[in-house]
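Colleague: For the protein sequence lines, the chains are A and B, in the order given. 0 is the number of the first residue of the first sequence in numbering that gives the first Met the number 0; add one for each residue after it. 0 is the number of the first residue of the second sequence in numbering that gives the first Met the number 0; add one for each residue after it.
Incorrect hints may appear among the rest.
Calculated cross-link-like contacts (lysine to aspartate or glutamate; reagent style EDC-like; alpha-carbon spacing at most 20 Å) [unchecked claim]:
(1) 263(A) - 254(B)
(2) 298(B) - 211(A)
(3) 298(B) - 113(A)
(4) 163(B) - 93(B)
(5) 87(A) - 93(B)
(6) 117(A) - 211(A)
It should be emphasised that the hints constitute simulated quantities derived from the structure, not laboratory data.
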Amino acid sequence: MELFTNQVLAGIATGAIYACMALAVVMIYQAIDHLNFAQGEMAMFSTFISWQLMQWGVSYWAAFLITLVFSFVAGIAIERILFKPLAKAPVLTNVAGFIALYAIINSSAGLLWDFTIKQYPTPFGSSPFLGSQLISTHQAGMIGVTVLLLLGLYFFFQYTRIGLAMRAAASVPESARLVGINTSWMIALGWGMATAIGSIAGMLIAPVVFLEPNMMGGVLIYGFAAAVLGGLTSPFGAVVGGFLVGIFENLAGTYIPGVGNELKLPIALALIISVLVVKPAGLFGRHIVKRV
Amino acid sequence: MSAAEEVVEGHEAVEAVPKRAMTLGTGTSLVVLAALIIAPVFVKNFIIFQMTMLLIYGLAVLALNILTGGSGQFSLGQSAFYAVGAYTTAVLMEHFNVNYALTLPIAGVVCFGFGFLFGQPALRLSGVYLALATFALATAMPQLLKLNFLEHWTGGVQGLVVTKPDAPFGLSMSQDMWLYYFTLVVVLAIYIFSVNLLRSRSGRAFMAIRDNEIAASAMGINVALYKTLAFGVSAAITGIAGSLGAIAVQFVAPDSYTITLAISLFLGMVVGGVGWLPGSIVGAAFIIFVPNIAEGISKGLSGAVFGVLLFLVIYLVPHGARQVAILGQQLAGKLRKN
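Model the full assembly from the supplied sequences, consistent with the hints where possible.
Modeller: Below, the structure written as structure tokens:
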């Protein structure tokens, strides 16, 4: 039983990261209707920025904040420079653009910081949390930050004018434009926020998976899976999806014989596909009825 | 307005390609074919090998084009079908001594079944959801090939070595050259089959589903059947490409068929032009040669150079090589008038 609780708690902790990543994915998906395949690499690059700042002697939280601002601006810049010209191109061309961005960021990070594995500090410490053996303070911190982030986003979207404008621009762009919302900038804002959220995910998971240019590959896949499981139209669903995927991944790795680390991912994906076959819009997604 | 500009209007995942615009004109086709037949005589064996790979990847991109360009379904799992085809050939040749040419149709049939079955659950998914499902298939495939109980057949992590066939009938031809012509014949046959398929009743059904699923079903098209059929045909062709690939490379191993391959094929389709069959070869050329060029420009930054080149292509021609072809055609038309 202790093994079970342990695995579930560890699952919740990694699930928190997947939830952050899924949130970033959903943010962009809401803004531009595309899955951003470069999201993980963008988060990795941000994490490297914060690491570099700390190497230069900046304190953790200052580096954290600077990185958030940097990511936000960089996200907006990427949208303005690279993806705005593609807004009218076919969807699949956009996907190719994301793959190109992935290659560019991955390769640049490799050149700037090379491919050796680096330690990344945690602000929470790695001692057992509140004296319990089940979960470390870093894992508890990851869960805490995710919850705070979620609450913050909830208030932003529900109670601020700009949050409302972003939601309007995402759901009915034509009408939003008619009431004077600059939908083009709302999209850029969505990119900025998604990049910032992704950078938080990166900085939180870096102490666990260590820092290197390919660190986010697996995380992004789980983030996608979580977002799709929860429903791509629901930020809340994305978070629930993240925790579910985290827990399931850990339990499958522990209890299903012959799975181990190698087959964890395919098993997790298989589960998600089985859920999707029953509920094609995801657990919390809106089912969009098409008119002919 | 050009045809390429017209299709920009809709925000569909796959833009509609008129049936007639899916192939090259007769004259151009013959010129390309002649070039493909004559070229190997003048070049070295290594370049012949690369041309063979070009045809093979072109075939795999063509298969994806039938699925995505034809029926509007998106797949990131083509590497899985490619792997099944390659392994079918390798196992049949090395364990059962089957003739290499015979393994191709067998691989095709195996992959057709595989694709058809996979298409069943995928029926309920579309767009990004289908992308994730096929992606799952592609990530699982290398791991499945490494499984212990299959190791006796698949060679596990080590993979299998495939013997390269000699030219038959006592022809004095190098193995590479024979394989090139063999591949060319297979690819041509499948290309002609694909063109005819897309022009047939089934092809029109695919395209009707692509353009509007609900309207298609209202017209009496069995949407479920044709969607799974598209998956099956695409998987079969990809499998045959995989078989040819295994014979040309003389080696199969689980890690040759990762998601990277699936992504390459996808990029090939986009660069060639979604739904434009001749573009498959252009796309294949892009995914084979551009990484090498990028490596040549800068070793450390090859990924970034590749990314930048890819961005350049999609900025200049968001509809891929098809757009270039359409522009060329218009230019030729204008010249003729003057």
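Colleague: What are the numbers of the hints that this structure violates, sorted from low to high?
Modeller: 5
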